[in-house]
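S.K.: Protein chains in written order, with our numbering: chain B, 1 to 222; chain S, 1 to 294.
Where hints are given, some of them may not hold.
[What the hints assert, rightly or not] To give an idea of the chain S side of the interface with chain B (calculated C-beta under 8 Å), a few residues:
#1 S65
#2 D66
#3 D75
#4 A76
#5 G77
#6 V98
#7 A102
#8 T103
#9 D104
#10 N107
#11 P110
#12 E113
#13 S114
#14 K116
#15 E221
#16 G224
[Said to hold, decoys possible] Each computed DSSO-like pair below joins lysine-lysine, with the alpha-carbon atoms no more than 30 Å apart:
#17 B:K13 <-> S:K67
#18 S:K272 <-> B:K13
#19 B:K159 <-> S:K67
FYI, nobody ran anything at the bench for these hints, they're computed from the structure.
No residue lacks a Cβ here, since even glycine has one placed at the ideal position from N, Cα and C.
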Amino acid sequence: MGAEFLLQGATIKRLLVGLGVTLRISLVSVALSIPFGVLMGVLFTRKNRMLQVVLRAYLNFIRVMPQLVLLYVVFFGSATTLGLNFSGEVASIIVFTLWGAAELGDLVRAALESIPRSQYDSSYVLGLTQRQTFLRVILPQALSRLLPPSVNLVTRIVKTTSLCMLIGVVEVVRVGQQIIDYYRFDYPQGALWTYATLALLYFCICWPLSMLSKWLEGRNTR
Amino acid sequence: MSTISRRTFVKLFGSSVMTMASLGMAGCGGSSEDAAATDIASDAEGFRTLDQIKESGTVIIGVFSDKAPFGYVDDAGEYQGYDVEFANRLVTDLGTQVEWVATDPANRVPFLESNKVDIILANFTVTDERAEKVDFSLPYMKVQLGVVSPDSALVKSVDDLAGKTLIVVKGTTAETFFEQEYPDVELQKYDQYADAYNALLDGRGDAFSTDNTEVLAWAKENPGFTVGIDALGNEDTIAAAVAKGNDTLLGFIDDEIKALADENFFHNAYDKTLAPVYGTDVDPDTLVVEGGAI
Numbered sequence: 001m002g003a004e005f006l007l008q009g010a011t012i013k014r015l016l017v018g019l020g021v022t023l024r025i026s027l028v029s030v031a032l033s034i035p036f037g038v039l040m041g042v043l044f045t046r047k048n049r050m051l052q053v054v055l056r057a058y059l060n061f062i063r064v065m066p067q068l069v070l071l072y073v074v075f076f077g078s079a080t081t082l083g084l085n086f087s088g089e090v091a092s093i094i095v096f097t098l099w100g101a102a103e104l105g106d107l108v109r110a111a112l113e114s115i116p117r118s119q120y121d122s123s124y125v126l127g128l129t130q131r132q133t134f135l136r137v138i139l140p141q142a143l144s145r146l147l148p149p150s151v152n153l154v155t156r157i158v159k160t161t162s163l164c165m166l167i168g169v170v171e172v173v174r175v176g177q178q179i180i181d182y183y184r185f186d187y188p189q190g191a192l193w194t195y196a197t198l199a200l201l202y203f204c205i206c207w208p209l210s211m212l213s214k215w216l217e218g219r220n221t222r
Numbered sequence: 001m002s003t004i005s006r007r008t009f010v011k012l013f014g015s016s017v018m019t020m021a022s023l024g025m026a027g028c029g030g031s032s033e034d035a036a037a038t039d040i041a042s043d044a045e046g047f048r049t050l051d052q053i054k055e056s057g058t059v060i061i062g063v064f065s066d067k068a069p070f071g072y073v074d075d076a077g078e079y080q081g082y083d084v085e086f087a088n089r090l091v092t093d094l095g096t097q098v099e100w101v102a103t104d105p106a107n108r109v110p111f112l113e114s115n116k117v118d119i120i121l122a123n124f125t126v127t128d129e130r131a132e133k134v135d136f137s138l139p140y141m142k143v144q145l146g147v148v149s150p151d152s153a154l155v156k157s158v159d160d161l162a163g164k165t166l167i168v169v170k171g172t173t174a175e176t177f178f179e180q181e182y183p184d185v186e187l188q189k190y191d192q193y194a195d196a197y198n199a200l201l202d203g204r205g206d207a208f209s210t211d212n213t214e215v216l217a218w219a220k221e222n223p224g225f226t227v228g229i230d231a232l233g234n235e236d237t238i239a240a241a242v243a244k245g246n247d248t249l250l251g252f253i254d255d256e257i258k259a260l261a262d263e264n265f266f267h268n269a270y271d272k273t274l275a276p277v278y279g280t281d282v283d284p285d286t287l288v289v290e291g292g293a294i
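Isolated chain B (complex conformation):
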């Protein structure tokens, strides 16, 4: 088969440790993105011109900057100019939180704005209080519209964390490259098998998320 090297030494264990790093960066970033993103989305819906300009500028800045450039700026730039010495993982989490919060903020804004004014008015006519209207009418609708694209955002973050290896973080793809390089001469087909394994590992994480998103979407349009 030519793939038996995957079972030699500590190969599997190292891949799983690398996957752990990938997951840790992704999950911490996502967890931090949620409060900041929701806050940003809510601020977006405020009719404050100044706030709108600032938030829009932030969102566009994060969107046009390649994540790799952001990683370099936060990891190397902050150390040379500000004297802030982040470890590779912390720098990665900062960048993916900045990115996640910006994208999630836009999703929250879209979800809140998509609830028609008539929903508010109808609730009052039925005699619901402000609190009841928000919790029972507006929030459930906004959430069901927000969840599917948010889950997609999570899968994008998980996949993009492979860039972290370029600031010295040994995550799952870097471990894969080390394995390919080590077995380069003994197993010329090793690259194919290693990349297939990496694909499978990413699939195991992203596919359930993608299914979740689909299921939520289905529930939404029911």
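Fit chain S to the supplied structure of chain B, relying on the hints for placement.
M.R.: Quick look at chain S alone, frame taken from chain B:
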């Protein structure tokens, strides 16, 4: 009415979000504490002097982790290779622990400039441009160009290339060297190493030139091809590098390189790490530099 109430909802939502955000900040505080623990105590210039490294008990060394045989990780997860042999020796003589950082060709200079690592030992070729940003130690290896060709029509000197096609990879030293020194040699250029080797294998070109380390390793794996010219052109040296101005650490490394000549350290490192890749036909002295003396 609806406008006002909407705003109130947003406020309500906003305040709950604020609470979540502060919780998030608390979580963030936890992780930044971890970051502080790994923070490097640094002096005014930013880099750590020899004494500071010894005091901290850990030296941070940037090496390649996927460039065998210079720096790679073996199947047990341990760093190995020619560069790592020297790094391990430095660690022993410093009397400290080591923290490896996996570097790539493009981020070796930034790692030193931002003081994220103390030493870079990653097949670092000395160039004038790099020497403006980092300080290089004495060399411990040298690289020249090599030319590999099929045994049936072996190219043993540049004269043999007359009327033949030489394969080069764009942007490499080989391309510049032949364009400037031997403009008569007909070049066939490729973007990728893999394409260049395939062109040599299927006969689109008669010979291929790039760093001698690269062609030597390839020829060993491909029977029927031999490196006819193993040292051509300017001699590039490979050395350790430290942050600009870190004289105490640089002095330590230079002294080590000089002292290690007595035990033929780099030849032993060659036998252990490079010889299995290059084979016995290669004279180690075309690659190894002992005691920093070219």
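S.K.: Against each hint, give a clear statement of whether it holds in the structure.
M.R.: Against the structure, the hints come out as follows:
1. S65: This hint holds: S65 of chain S lies near chain B, its Cβ roughly 5 Å from the closest one there, short of 8 Å.
2. D66: holds, 4 Å
3. D75: Because about 3 Å separates D75 of chain S from the closest Cβ in chain B, which is inside the 8 Å limit, the hint holds.
4. A76: Since chain B brings a Cβ to about 5 Å from A76 of chain S, closer than 8 Å, the hint holds.
5. G77: holds, 5 Å
6. V98: At 15 Å from the nearest chain B Cβ, V98 of chain S fails the 8 Å test, so the hint is violated.
7. A102: holds, 5 Å
8. T103: holds, 6 Å
9. D104: OK, holds: D104 of chain S within 8 Å of chain B, min 6 Å.
10. N107: holds, 7 Å
11. P110: holds, 4 Å
12. E113: holds, 6 Å
13. S114: holds, 4 Å
14. K116: holds, 6 Å
15. E221: holds, 6 Å
16. G224: Violated, about 16 Å.
17. B:K13 <-> S:K67: holds, 21 Å
18. S:K272 <-> B:K13: With Cα atoms ~27 Å apart, K272 of chain S and K13 of chain B stay inside 30 Å; holds.
19. B:K159 <-> S:K67: The given pair, whose Cα atoms are some 24 Å apart, holds under the 30 Å limit.
Figure legend: structure checked against the earlier numbered hints; hints not met, in rising order: 6 and 16.
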